[in-house]
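Peer 1: Please build the complete structure, drawing on both the sequences and the hints.
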Amino acid sequence: MIRFRPLPLMSIFSIVALAVLVMLGRWQWERYEQKSAAAEEPIAEMTIADYQPIPDAIQFVHGVRPDTREQGWRVFAPVAYGATTVFVDADFIPDVAPPDPSEVRFPAALRFGAPITGASIRPEPPAPLTLAPRPLQRLWFSVDLEAMGRNGGLENVADYFIAGSYVGADGRATPNPFALAPGADVLPPARHLGYALTWYGLAAVLIAIYFAYHASVGRFRLRPPPPPEE
1 MIRFRPLPLM SIFSIVALAV LVMLGRWQWE RYEQKSAAAE EPIAEMTIAD
51 YQPIPDAIQF VHGVRPDTRE QGWRVFAPVA YGATTVFVDA DFIPDVAPPD
101 PSEVRFPAAL RFGAPITGAS IRPEPPAPLT LAPRPLQRLW FSVDLEAMGR
151 NGGLENVADY FIAGSYVGAD GRATPNPFAL APGADVLPPA RHLGYALTWY
201 GLAAVLIAIY FAYHASVGRF RLRPPPPPEE
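Position 221 of the sequence shown, counted from 1, bears residue number 221 in the working numbering, the numbering being contiguous throughout.
Hints are computed from structural coordinates only; laboratory data are not their basis.
These numbers come from a predicted model, not from an experiment.
Backbone N, C-alpha and C fix where the C-beta goes; we use that ideal spot for every residue, glycine too.
Among the clues, some could well be false.
Stated by the list, open to error - Now the in silico label distances, taken between C-beta atoms and shown as ranges:
{"hint": "1", "residue 1": "Val205", "residue 2": "Phe4", "range": "18 to 26 angstroms"}
{"hint": "2", "residue 1": "Thr130", "residue 2": "Arg5", "range": "43 to 51 angstroms"}
{"hint": "3", "residue 1": "Gln137", "residue 2": "Ala204", "range": "45 to 53 angstroms"}
{"hint": "4", "residue 1": "Pro135", "residue 2": "Val16", "range": "39 to 47 angstroms"}
{"hint": "5", "residue 1": "Arg26", "residue 2": "Phe211", "range": "16 to 24 angstroms"}
{"hint": "6", "residue 1": "Arg150", "residue 2": "Asp95", "range": "23 to 31 angstroms"}
{"hint": "7", "residue 1": "Leu197", "residue 2": "Ala97", "range": "33 to 41 angstroms"}
{"hint": "8", "residue 1": "Phe4", "residue 2": "Arg26", "range": "22 to 30 angstroms"}
Peer 2: Next up, the structure:
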């Protein structure tokens, strides 16, 4: 026989906290499933040639490299490809301080007209807490191709950008670390799985503490059934 007399105030706070923990755990589990599925999907790639550089409309997007966790600024260089303007994520400036647009040269690989090959990516909408852009300094904290194009005085901006290879000072090209599948971000799926297990684990601990406290003050007991009458 169970004898249980819950404390009203403690029960209300515990139910609210439990709901929040379960909600957070479910959210992280859904992110784990989404990113696991996205990791298995191939990233669409494309190659463009016969383009013309637009050197005076470079825009800078803040980013954190997934491979090194280094903060910096992605260089989005626009090119005229037929009647369309296409932004190319062509370089990375590793510095927390914003770059001076007047001191940044158009990426060399694009100045010489070499074919551009990379992942074709349609950016996701900005997250709710994304910082506001600073158009006068050409600084952006999420990829907004339409607004970036307007800021550079460009027309017919494509709704995708090309994540091209980054060319180092030694002239060697390396894969673009931001060439991620749509919906992906810098956190790997396993990290979201760990967060989900953490939130669910905290929910289990909360339940254990709740009943342990009630048992310690005599409000929760498991009493054996009375012996049968003779």
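Peer 1: Now tell me, hint by hint, if it's right for this structure.
Peer 2: So, going through the hints one by one against the coordinates:
Judged by the Cβ atoms, the range 18 to 26 angstroms given for Val205 and Phe4 holds: they are separated by roughly 20 angstroms. Take Thr130 and Arg5: their Cβ atoms lie about 49 angstroms apart, and the range 43 to 51 angstroms holds. For the hinted restraint 45 to 53 angstroms between Gln137 and Ala204, the CB-CB distance of approximately 48 angstroms keeps it satisfied. Under the hint 39 to 47 angstroms, the C-beta atoms of Pro135 and Val16, about 42 angstroms apart, fit the expected range.
Between Arg26 and Phe211 the beta carbons are some 23 angstroms apart, a value that agrees with the proposed interval 16 to 24 angstroms. Against the hinted window of 23 to 31 angstroms, the Cβ-Cβ separation of Arg150 and Asp95 comes to about 26 angstroms, which satisfies the hint. The hint said 33 to 41 angstroms for the Cβ distance between Leu197 and Ala97, and at roughly 38 angstroms that hint holds. Checked against the hint of 22 to 30 angstroms, the pair Phe4 and Arg26 passes, with Cβ atoms roughly 28 angstroms apart.
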